[in-house]
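S.K.: Listed here are the chains, written in short residue letters.
6 protein chains.
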Amino acid sequence: MPTVKLIEYDEASPEVRAIYDDIRVTRKTDYINNFWKALANHPPTLARVWRDLKEVMAPGRLDPLTKEMIAIAVSATTGCAYCINSHTAAAKKLGMDNEMLGELMAVVAMFNTTNKLAEGYQVEPDVFPPLE
Amino acid sequence: MPTVKLIEYDEASPEVRAIYDDIRVTRKTDYINNFWKALANHPPTLARVWRDLKEVMAPGRLDPLTKEMIAIAVSATTGCAYCINSHTAAAKKLGMDNEMLGELMAVVAMFNTTNKLAEGYQVEPDVFPPLE
Amino acid sequence: MPTVKLIEYDEASPEVRAIYDDIRVTRKTDYINNFWKALANHPPTLARVWRDLKEVMAPGRLDPLTKEMIAIAVSATTGCAYCINSHTAAAKKLGMDNEMLGELMAVVAMFNTTNKLAEGYQVEPDVFPPLE
Amino acid sequence: MPTVKLIEYDEASPEVRAIYDDIRVTRKTDYINNFWKALANHPPTLARVWRDLKEVMAPGRLDPLTKEMIAIAVSATTGCAYCINSHTAAAKKLGMDNEMLGELMAVVAMFNTTNKLAEGYQVEPDVFPPLE
Amino acid sequence: MPTVKLIEYDEASPEVRAIYDDIRVTRKTDYINNFWKALANHPPTLARVWRDLKEVMAPGRLDPLTKEMIAIAVSATTGCAYCINSHTAAAKKLGMDNEMLGELMAVVAMFNTTNKLAEGYQVEPDVFPPLE
Amino acid sequence: MPTVKLIEYDEASPEVRAIYDDIRVTRKTDYINNFWKALANHPPTLARVWRDLKEVMAPGRLDPLTKEMIAIAVSATTGCAYCINSHTAAAKKLGMDNEMLGELMAVVAMFNTTNKLAEGYQVEPDVFPPLE
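Residue numbers (our numbering), protein chains in the order written: chain L, 1 to 132; chain P, 1001 to 1132; chain W, 2001 to 2132; chain V, 3001 to 3132; chain E, 4001 to 4132; chain Y, 5001 to 5132.
The shape of chain L in the complex, shown without the other chains (with noise of 0.2 Å):
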């Protein structure tokens, strides 16, 4: 059970439903996510992450649906269960088919391995140059 009350869009304040609005139209749809409705109880909150998802997931060097598998690799990495469920199901309108998950799924249990491994025996980095 939540920990805030979801704000409908009704019971909203002017500055929040101006939010659900822009979600509405860049989303063309008129589903709000549970996820804004709890941040709405915080309206700065609300405002911000909206702004941030919506520069983060504007096109880029990365496609949309790269975008949404590593939004569910992060939240599979992290267990959690919304984030899980939100990602799959956006990945999934973005084409991303069963087999697809499926391998996604292999890449992120394979390197939660691996990366217990590399700690688990305190393994030291191989010196490459940065990245420029």
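To be clear, the hints were calculated from the coordinates, so they are not data collected in a lab.
Treat each hint with caution, since some may be false.
What the hints assert, rightly or not - Listed next, the stretches of chain V that the computed footprint assigns to chain E, with coverage defined by at least 3 CB atoms under 8 Å from CB atoms of chain E:
1. 3079 to 3091
2. 3113 to 3124
Claimed, not checked - BS3-like cross-link-like pairs, simulated, lysine-lysine; straight-line CA separation at most 27 Å:
3. Lys1028(P) to Lys1005(P)
4. Lys4005(E) to Lys4054(E)
5. Lys1005(P) to Lys1054(P)
6. Lys2093(W) to Lys2054(W)
7. Lys4054(E) to Lys1054(P)
8. Lys54(L) to Lys93(L)
9. Lys1093(P) to Lys1028(P)
10. Lys2093(W) to Lys2028(W)
11. Lys1054(P) to Lys1028(P)
12. Lys5028(Y) to Lys5054(Y)
13. Lys28(L) to Lys5(L)
14. Lys1054(P) to Lys1093(P)
15. Lys2054(W) to Lys5054(Y)
16. Lys2005(W) to Lys2028(W)
17. Lys4093(E) to Lys2005(W)
18. Lys4028(E) to Lys4054(E)
19. Lys93(L) to Lys4005(E)
20. Lys2028(W) to Lys2054(W)
21. Lys3005(V) to Lys1093(P)
22. Lys3054(V) to Lys3005(V)
23. Lys54(L) to Lys28(L)
24. Lys2093(W) to Lys5(L)
25. Lys4028(E) to Lys4093(E)
26. Lys5005(Y) to Lys3093(V)
27. Lys54(L) to Lys3054(V)
28. Lys1005(P) to Lys5093(Y)
29. Lys5093(Y) to Lys5028(Y)
Nothing here was measured: the structure is a model prediction, and the numbers come from that model.
We treat Cβ as the ideally placed atom computed from N, Cα and C, and that holds for glycine.
Please build the complex by placing chains P, W, V, E and Y on the supplied structure of chain L, with the hints as guidance.
M.R.: Just chains P, W, V, E and Y, lined up with the frame of chain L:
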């Protein structure tokens, strides 16, 4: 400092040498990462992890660069220094430049933030059908 | 579902009942949280954790509300649902309102992001003298 | 070793310099932390993180020292060495002494323990109403 | 709710059925855990994880109960509800009673605390020689 | 670099010296680990953690080597370098050899992988009765 000795080729058993040879051929380099030299302390683990890695990183529905970037995302999220270094170097070899890494980091940072907000407020998952 | 039975007062051993009694007196409530009822399956752990908690939460240099908000920050970062719920309720009793929780969440989210960026780029610590 | 070059003021683009200037003015110091010099490899991320940080750390319902102590709590929980160092230094500047840090560490350690016990036994949340 | 359909025996491909059959024979039970039914969405991952698990859990230097208790320790530390449940049930079958689980939980809780204190103060490792 | 000074015996208060003395007698060594010298900055924490550790590591249903190996499993999973080093050294003293460490690491790596797969697919727990 590693908690085990790194096993060099010359002191390795024939079983371990065969794996080192396969790593060299597969990766087209003579360099054996410290990670493998640490795992060589337990040959069944060395064999299993290398076999798994070859399977998981083989050509599939996700391209090799995407897989390496997911490896960076996982490693930045868990905070494994060894892993971040080696996967960043590997992704660079596959064509990741500084701007792509920046965009990747922005995505990783963004979703670690939203993960904590979703957890912190205990937001309940929106209802989506499972992937088929 | 818990992996152990919750031990109710009536079925508890005298040793466990004495701790439940102390929890009730200290917290000025008859309610015993599920957490303690689970720990009661291993009385030495119940005794140690309760004793430690009383010590750590006693009046000191940090006030009780700050301590509860730090507990929320820790629990949101590790993603422990039980803990987030109970510490949010406890902080609320001590005066935390919705806006303060929002500000706390914003701080937690912010530094989880910067943590991942610092790790992801493997930034080396700036040099500061130790605290004296 | 960082995976990117640290961008010094003299080699920075005008866009990055403007942010460095703002950091200097806001923080009343010429010193630019390594963190910002690493982020400068991706100017949009540098700009966004600095903007967010200023917003989140601005005077509000929680005082600046509490916010820095929460940053230490988050960073000790995730184990980010860079972050622990810089937030401990920042909190010290704001008046945290050794005893306060000790009390903070005790609280962080306590709740990481109870988090693992609550998870380990899969204790179900007590029922509390959401914050309003 | 899982993000994929659980694949039942009757609707499984021959490849997946062969693995389900091997799980049943190896574990001497008809019951197939939900975990395997989810992995069956990506047969190569199902095959790899099952093969690895059989190898890792085979008789060796550590006995099966110790291995299951380590699995509980890992799962309580990462907070994976599914895993805590299934490894606690498996350890119980192998003879773990309530008091042993309590002692295990106490150890897990203890070292999660000391981990955070060591990180929080950034204590430098004592110098020990590597294991040989 | 630690964020606090390490307190040496000669500069320690009588209260801290008494604990150092007890550590030396209990562990049958003059060596005081850096961990305790850091905790000595906050004597109540030093006293509590040492008292708890003695209780938790005392002879019980799990033998000391198993407890140290669980400590390694926890520390490899959280990635605490200090802790991995000290618990590996302690387990070695109690008889853990290189092959046992290899097997332990294999188990830790295996279950970190299955943890992420169970989370990544959001698999629902199989239904098991609680331990009694």
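S.K.: Which of the listed hints are not met by the structure?
M.R.: none
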